Structures are given as structure tokens and as C-alpha cells.
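Under my numbering, the sequence shown has 14 at position 13, and the numbering climbs by one with no breaks.
It should be emphasised that the hints constitute simulated quantities derived from the structure, not laboratory data.
This structure is a prediction, so every number in the text was calculated from the model and none was measured.
Careful, some of the hints might be misleading.
In silico DSS-like links for lysine-lysine, alpha-carbon gap of 30 Å or less [unchecked claim]: (1) K125 with K102; (2) K269 with K102; (3) K163 with K102; (4) K100 with K269; (5) K100 with K125; (6) K125 with K163; (7) K100 with K163; (8) K125 with K269.
With beta-carbon atoms standing in for the labels, derived distance ranges [to be verified]: (9) H28 with R130: 43 to 53 Å; (10) E200 with S158: 32 to 42 Å; (11) V267 with S36: 19 to 29 Å; (12) P95 with G248: 36 to 46 Å.
Cβ coordinates follow ideal geometry from the N, Cα and C atoms, glycine included.
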Amino acid sequence: MTTRASSLDLGYSFCPNDTFIFYALAHGKVPSPLSVRERLEDVETLNAFAREGRLPMTKISYRAYFDVMDEYVALRSGGALGRGVGPLVVTHEPLTSLKGKVVASPGALTTAELLLRSFEPTVKVVRMRYDEVMPSVARGDVDAGLIIHESRFTYSSYGLSKFLDLGAWWEGETGLPLPLGAILVRRDLPRATQLGLQEAVRASLRYAWNHPAEPRDYIRAHALEMSDEVMQAHIDLYVNDFSIDVGEEGERAVRALQRRAIEAGVTKPSDLPLFLE
2 MTTRASSLDL
12 GYSFCPNDTF
22 IFYALAHGKV
32 PSPLSVRERL
42 EDVETLNAFA
52 REGRLPMTKI
62 SYRAYFDVMD
72 EYVALRSGGA
82 LGRGVGPLVV
92 THEPLTSLKG
102 KVVASPGALT
112 TAELLLRSFE
122 PTVKVVRMRY
132 DEVMPSVARG
142 DVDAGLIIHE
152 SRFTYSSYGL
162 SKFLDLGAWW
172 EGETGLPLPL
182 GAILVRRDLP
192 RATQLGLQEA
202 VRASLRYAWN
212 HPAEPRDYIR
222 AHALEMSDEV
232 MQAHIDLYVN
242 DFSIDVGEEG
252 ERAVRALQRR
262 AIEAGVTKPS
272 DLPLFLE
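Let the sequences and hints guide you as you build the complete structure.
Rendered as C-alpha cells:
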């Protein structure tokens, strides 16, 4: 655990929704009980870090969160949850079914892979970093690819077609928004610090909404080869009212996803509260 009395390490992804939300907090623009040192990694690396307890505050896939609840609790602010935000399954050649097909996945601990296996348990998964999935499908290395983040805006440029929207499938199955990622803090941090960090994340998001031009260079610097249009579309899609507070509907959605993970045998039940109370 890398903490000091006056600061802490915060892990989040390179994706525009995260850099948009955390710009103000990482740059000291809003009040916080502790100053923050940013640690930017892809989401599956952050998932692995959380399993090791390496960061006191971190972004994580909801699927991965269910495995580390003994050590971490989710903030009500800063996460990614919504409608129309789900991972897509894309193909290069037409398919009629995913039964027994080889699918490139961005990681075992991603919410996306949990949804894929819930939809079609017989798929054979090949795991790779999320930005390697579309090239793999385009080359014909796999039958299909499971794409997340900004890939939903760019897959057509690889000559790929949408086979399935797993977010739409989830919404049809449950009537609930889809939980993708949460912001966690360690449960052993003082409660006052946890609550202060939660409010700092909210303040950071509000700052970005009120000063949208200010974080643009920071977001662009971490957005790989993304165009400004894709970058803004990403923010508009993934940053929403659920990012300010998960709310009662969001909590129900997370509990529904947790039940799916338990039923699939990939995580164990927990009696601990999911969110900071």
C-alpha cells in the first residue's frame, strides 16, 4: 500500500471518461482530504493491481470488484454505469452464432467477459489487451472480438461489423443500466478520509463539466490515437448522472451483476456493503 499521511496513489485508465473525471483532482483544482498522485494503466492492469492491494484508491471493473470486497469498498461517485454503454462483439466474417467460437477478450476480470460468458457459455476465449482485440479480429486470428472503451466508435475502420451489443442484451434481460467500472478505496482508510475522497471525486467531475476546455490537452495526451470527435463521444457516453452518484437504480444494477458472477461460479458471495455508506 503506497500511502503517506498527506497523499495517496490513485489508479485510473487512459480512457477519456477517466481522465475527464479525475483531471481536477489529480491537478489539485478541488479540495481533497489527501493530495493525489495519478497512476494511469489499462483497466485489466488496474484489476490485477487491486487483487494485489497495490493502490489505496483505484478504478476497477465491477466484475473484478466482487473479488476484492474484503479489502476495498466502492465510492458512489466516479464510476462508469449507464444505458447504451455496453461492450460489443464484432466480427470480420459473418457469423450466425457464437457457440464454440474463439473470441478475443480484453481480460478475465472485465465486466465484458462476464457478460459474454453469461450470453454464450461455450465460447473459447483468447485474452489480450483491449486495444489489440480489433486488429486480431481483422487479421482473422479469432472468430470474433469483445470490444470496450473507445473501440465501439472505431471498429468499422477495421472493416468489422457488430454482431452483438451485450449492453442492450443486459438491459433487455434485467431492465437495468449496465455497471462497467467503479472507483474503490481501501476499507482500512479512515471513514472521514473515504467520505472526503468521495466528495473530491464529485467535485472533480463537476469542475470538468463546468470547465470542459481546460482538461482537453490532458485527456488528449492519454487518448492514444483517438480523434477529438471520438474522444468527446466517449466522454458524452460514459460520463453521466451515475458518475455523480450511483443512485438506487445503479445499486440494484450492481447487485444484479454480482448475482450473475456468483451464479457463474467466478466469485464468492459477500455480506459487506457494496458502496460507501
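Against the structure, the hints:
Our distance criterion of 30 Å between C-alpha atoms is met by K125 and K102, whose separation comes to about 6 Å. The straight-line distance between the Cα atoms of K269 and K102 is roughly 28 Å, inside the 30 Å bound, and the hint therefore holds. Between K163 and K102 the alpha-carbon distance is near 16 Å, which keeps this suggested pair within the 30 Å criterion. A C-alpha spacing of about 27 Å is found between K100 and K269, which places the hinted pair at or below 30 Å, so the restraint holds.
Between K100 and K125 the CA atoms are separated by roughly 9 Å; this keeps the pair inside 30 Å, and the hint holds. For the suggested pair K125 and K163, the alpha carbons sit about 19 Å apart, so the restraint of at most 30 Å is met. For the hint pairing K100 with K163, the CA-to-CA distance comes to about 17 Å; that is within 30 Å, so the pair holds. A threshold of 30 Å between alpha carbons decides the hint, and for K125 with K269 the separation of about 23 Å falls inside it, so the pair holds.
At roughly 27 Å, the beta-carbon separation of H28 and R130 lies outside the given 43 to 53 Å, and the hint is violated. Judged by the Cβ atoms, the range 32 to 42 Å given for E200 and S158 holds: they are separated by roughly 40 Å. Distance hint check: the CB atoms of V267 and S36 are about 36 Å apart, inconsistent with the given range 19 to 29 Å. Range check, P95 to G248: Cβ separation about 40 Å, and the 36 to 46 Å hint holds.
Comparing the model with each numbered hint stated earlier shows that hints 9 and 11 do not hold.
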